[in-house]
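A.B. asks: Please build the complete structure, drawing on both the sequences and the hints.
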Amino acid sequence: MKIELFLLLLFILAIAIAGWRTKNLSRSGAWMAVLIGLVIGFAYGFRGLFVLGAFFLSSSIWSHLFKKDKIGIEDRLAKTSTRDWQQVLANGGPAALFALLFSLTGESVWTFAFVASIAGANSDTWASEIGPLSRKHPYSIRSFERVPKGTSGAVSLIGTIAAVMGAAFIALTALVMLEGMDATLFLLITLSGFLGNLLDTCLGAYVQLDYRCRVCGIQTESTVHCGQQTERTKGYWMNNELVNALSSVMSGVILLLLYW
Numbered sequence: 000m001k002i003e004l005f006l007l008l009l010f011i012l013a014i015a016i017a018g019w020r021t022k023n024l025s026r027s028g029a030w031m032a033v034l035i036g037l038v039i040g041f042a043y044g045f046r047g048l049f050v051l052g053a054f055f056l057s058s059s060i061w062s063h064l065f066k067k068d069k070i071g072i073e074d075r076l077a078k079t080s081t082r083d084w085q086q087v088l089a090n091g092g093p094a095a096l097f098a099l100l101f102s103l104t105g106e107s108v109w110t111f112a113f114v115a116s117i118a119g120a121n122s123d124t125w126a127s128e129i130g131p132l133s134r135k136h137p138y139s140i141r142s143f144e145r146v147p148k149g150t151s152g153a154v155s156l157i158g159t160i161a162a163v164m165g166a167a168f169i170a171l172t173a174l175v176m177l178e179g180m181d182a183t184l185f186l187l188i189t190l191s192g193f194l195g196n197l198l199d200t201c202l203g204a205y206v207q208l209d210y211r212c213r214v215c216g217i218q219t220e221s222t223v224h225c226g227q228q229t230e231r232t233k234g235y236w237m238n239n240e241l242v243n244a245l246s247s248v249m250s251g252v253i254l255l256l257l258y259w
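In numbering that gives the first Met the number 0, the protein residues as written are 0 to 259.
A few of these clues could be false.
What the hints assert, rightly or not - No farther apart than 20 Å at their CA atoms in a straight line, the calculated lysine to any residue pairs in the SDA-like style are these:
1. K233 x I160
2. K148 x S133
3. K22 x S57
4. K22 x A53
5. K22 x L4
6. K233 x S133
7. K22 x G52
8. K233 x P147
9. K22 x V38
10. K135 x Q218
What the hints assert, rightly or not - What follows is a list of derived Cβ distance ranges for each label pair:
11. R20 x A182: 13 to 23 Å
12. S142 x V108: 19 to 29 Å
13. L156 x A17: 33 to 43 Å
Since the hints were made in silico from the structure, they are not lab data.
Even for Gly, the Cβ is constructed at its ideal location relative to N, Cα and C.
C.D. replies: Listed below in structure tokens is the structure:
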């Protein structure tokens, strides 16, 4: 048992260091990844970490692919593809919460919620990374008008398909790696993850903080642009990380409601 825990710790540290060295994680992001990895590893061992890793690895791959087609989009985002502790916590924290509940109760339903929360995070990330590859600009669900790529609360056909596929990818990974999974749960988790992504889109359109650069006029999630403080145009206290965390939690909650 001690050897297994030691190997688990070495594995988590190795993945975090690799993420930091490849600039997928900042230093703070790597430490947060270790903390979340320990909680999930204690609950599910290497199998649970594999499901979480499927999300982080696939998301990192998509974030680095087709960089030329995403030029200008990062100007609208508060942060880059290098995840800091807040981004890691927002995406992995809800999964760690459900894993902790499983460790405390032993109830398998928390495992299904654990997977659904990751499916929700992956659904949103795939939609955000693949959606901008569309030739046309997306539609804002708030104004029903076309808006620049990367705008929060906007949808496109390719982004919606990517969202479904992202949730299904995690559900399929869990179907292979975790005990108690079946075809029905695969569908429920895929649906829960996709609905969590829709919630993320709605919050992004109506609640999430948004700013306008005083210099170039671009809409952005960042409080600073062109070296100047930006002007708030929408939202009050909910930033992108909080929106992501809430949608991931709700993906798990939706699964619990559908399952029960």
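A.B. asks: Provide an ascending list of the numbers of those earlier hints which the structure does not satisfy.
C.D. replies: 1, 5, 6, 9, 11 and 12
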